[in-house]
Amino acid sequence: MPLMPKRVKYRKSQKGRVKGNATRGNYVAFGEYGLQTLEPGKISAATIEAGRVVASQSIKAGGKLYIRIFPHKSITSIPAETRMGKGKGEVEYWAAIVKPGTVLYELGGVTEEAARATFARLSYKLPVSCRFITRRPTL
Amino acid sequence: MAEAVKIQVEVREAAKNKGTGSRVSRKLRAKGRIPAIIYGHKQAPTPISIARATVWEMIKKSTHLAELQMAGGTETVLVKDIQWDHLGKEIIHIDFARVNAEESIVTDVRLDLRGEAPGVAEGGVLEHLLHSIHVTCLARAIPDSIKVDIGELHIGKAIHIRELKLPEGVIVKGDPESLVVHVISRSAEPEPTAVDGTATQPEMIKPERKEKED
Chain A
1 MPLMPKRVKY
11 RKSQKGRVKG
21 NATRGNYVAF
31 GEYGLQTLEP
41 GKISAATIEA
51 GRVVASQSIK
61 AGGKLYIRIF
71 PHKSITSIPA
81 ETRMGKGKGE
91 VEYWAAIVKP
101 GTVLYELGGV
111 TEEAARATFA
121 RLSYKLPVSC
131 RFITRRPTL
Chain B
1001 MAEAVKIQVE
1011 VREAAKNKGT
1021 GSRVSRKLRA
1031 KGRIPAIIYG
1041 HKQAPTPISI
1051 ARATVWEMIK
1061 KSTHLAELQM
1071 AGGTETVLVK
1081 DIQWDHLGKE
1091 IIHIDFARVN
1101 AEESIVTDVR
1111 LDLRGEAPGV
1121 AEGGVLEHLL
1131 HSIHVTCLAR
1141 AIPDSIKVDI
1151 GELHIGKAIH
1161 IRELKLPEGV
1171 IVKGDPESLV
1181 VHVISRSAEP
1191 EPTAVDGTAT
1201 QPEMIKPERK
1211 EKED
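Chains as they are written, first to last, in the working numbering: chain A, 1 to 139; chain B, 1001 to 1214.
Errors might be hidden in some of the hints.
[Unchecked claim] Listed below are the simulated EDC-like cross-link pairs for lysine to aspartate or glutamate, each with C-alpha atoms no more than 16 Å apart in a straight line: (1) A/73 with B/1203; (2) B/1147 with B/1163; (3) B/1060 with B/1144; (4) B/1147 with B/1116; (5) B/1027 with B/1067; (6) B/1060 with B/1003; (7) A/99 with B/1163; (8) B/1031 with B/1003; (9) A/9 with B/1003; (10) A/73 with A/90; (11) B/1042 with B/1090; (12) A/12 with B/1203; (13) B/1060 with B/1103; (14) A/60 with B/1122; (15) B/1016 with B/1003; (16) A/6 with B/1203; (17) A/19 with A/49; (18) B/1027 with B/1010.
[To be verified] DEER-style ranges, computed between Cβ atoms: (19) A/10 with B/1041: 48 to 56 Å; (20) B/1116 with A/120: 22 to 30 Å; (21) A/129 with B/1104: 44 to 52 Å; (22) A/120 with B/1205: 39 to 47 Å.
Everything labelled a hint here was simulated from the structure, so no lab data went into it. Computed from a prediction, not measured in an experiment: that's the story for all the values here. C-beta atoms are modelled at their ideal positions from N, C-alpha and C, and glycine is treated no differently.
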């Protein structure tokens, strides 16, 4: 089952625009290393899952993977060769809206080289450009 | 514990658009300085600015205390908060709190794992759940970090806050039963779920409709 909310108030939502930068969820909170997006965008539930599978294969159960995003937004589409009108299309998939700075995945219990290699493989699956980050220093 | 770092700072004018405010702060950052503020001890807050290179030096040394040397004298301060940009690359602003060396304070101290857990070699996964803890201690005796020895951590074993070896005079604030680090077996991890092509819909929370009043 791809990720999606358990209960929603409204099934369909308007498209909207992704503005501004991430002010929350923009630092490594659980693991030691993170993958941070540098661009705004939407990441589908299937893509999040694909990233998880790649990361699991790469770390070979040697560490702990944290998924920091969740697909809360429903994306609708109308079928091909359909005339205009007749209302909004049906829900096609669910997606997570990300802003520059959002941490997408985190890894713990692995070496930095292993984390870098894992995130390098994982980032090929993503529709946004990303960078590798570590924990912020505690003072 | 590291000694207080001596830092040369410049006092900013407290009036808005002269020494403080977003526009002034932006100009300061462009010049390679970071805006900061000193507050506490029921004294008026003092806006200051610090050279960026000095701040990074302080971060590398990971010292909590600093001695700020300015035109009006010297202040001993504790780093209270650091504001980062959205990517976590640059420091935007720093809060300093005035402290006395003999004063009891609350601060965050990093937990450093030492050694190698034998549980990992046995096929387990090391989960480091708590990276820093709130502690109460004297300002002059803030530990740089608290070392956690994981040399005896086998599969299924854990280290809790109550088991930490704390330096003298340091009291932990928080639940003593909280987990710091543990080694779990790989089989305890949830199995990866296959993506199902047939997407089911989430349950609807029907919004209550107000009945029309006649």
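Structure-based check of all given hints:
1. A/73 with B/1203: Answer holds: residue 73 of chain A to residue 1203 of chain B is near 14 Å, not above 16 Å.
2. B/1147 with B/1163: holds, 12 Å
3. B/1060 with B/1144: With a Cα-Cα distance of about 12 Å, the restraint between residue 1060 of chain B and residue 1144 of chain B holds, given a limit of 16 Å.
4. B/1147 with B/1116: holds, 13 Å
5. B/1027 with B/1067: Status violated; Cα separation ~25 Å.
6. B/1060 with B/1003: Distance of about 14 Å is within 16 Å: holds.
7. A/99 with B/1163: Roughly 40 Å between the alpha carbons, so the hint for residue 99 of chain A and residue 1163 of chain B is violated.
8. B/1031 with B/1003: violated, 29 Å
9. A/9 with B/1003: Violated, at roughly 56 Å.
10. A/73 with A/90: Answer holds: residue 73 of chain A to residue 90 of chain A is near 13 Å, not above 16 Å.
11. B/1042 with B/1090: The hint is violated at about 30 Å.
12. A/12 with B/1203: Since the Cα atoms of residue 12 of chain A and residue 1203 of chain B sit roughly 13 Å apart, the hinted pair holds (cutoff 16 Å).
13. B/1060 with B/1103: violated, 25 Å
14. A/60 with B/1122: holds, 15 Å
15. B/1016 with B/1003: violated, 35 Å
16. A/6 with B/1203: The given pair, whose Cα atoms are some 6 Å apart, holds under the 16 Å limit.
17. A/19 with A/49: Outside the cut-off at roughly 25 Å; violated.
18. B/1027 with B/1010: holds, 15 Å
19. A/10 with B/1041: 48 to 56 Å: Holds, at about 52 Å.
20. B/1116 with A/120: 22 to 30 Å: holds, 26 Å
21. A/129 with B/1104: 44 to 52 Å: holds, 47 Å
22. A/120 with B/1205: 39 to 47 Å: This hint holds: roughly 41 Å between Cβ atoms.
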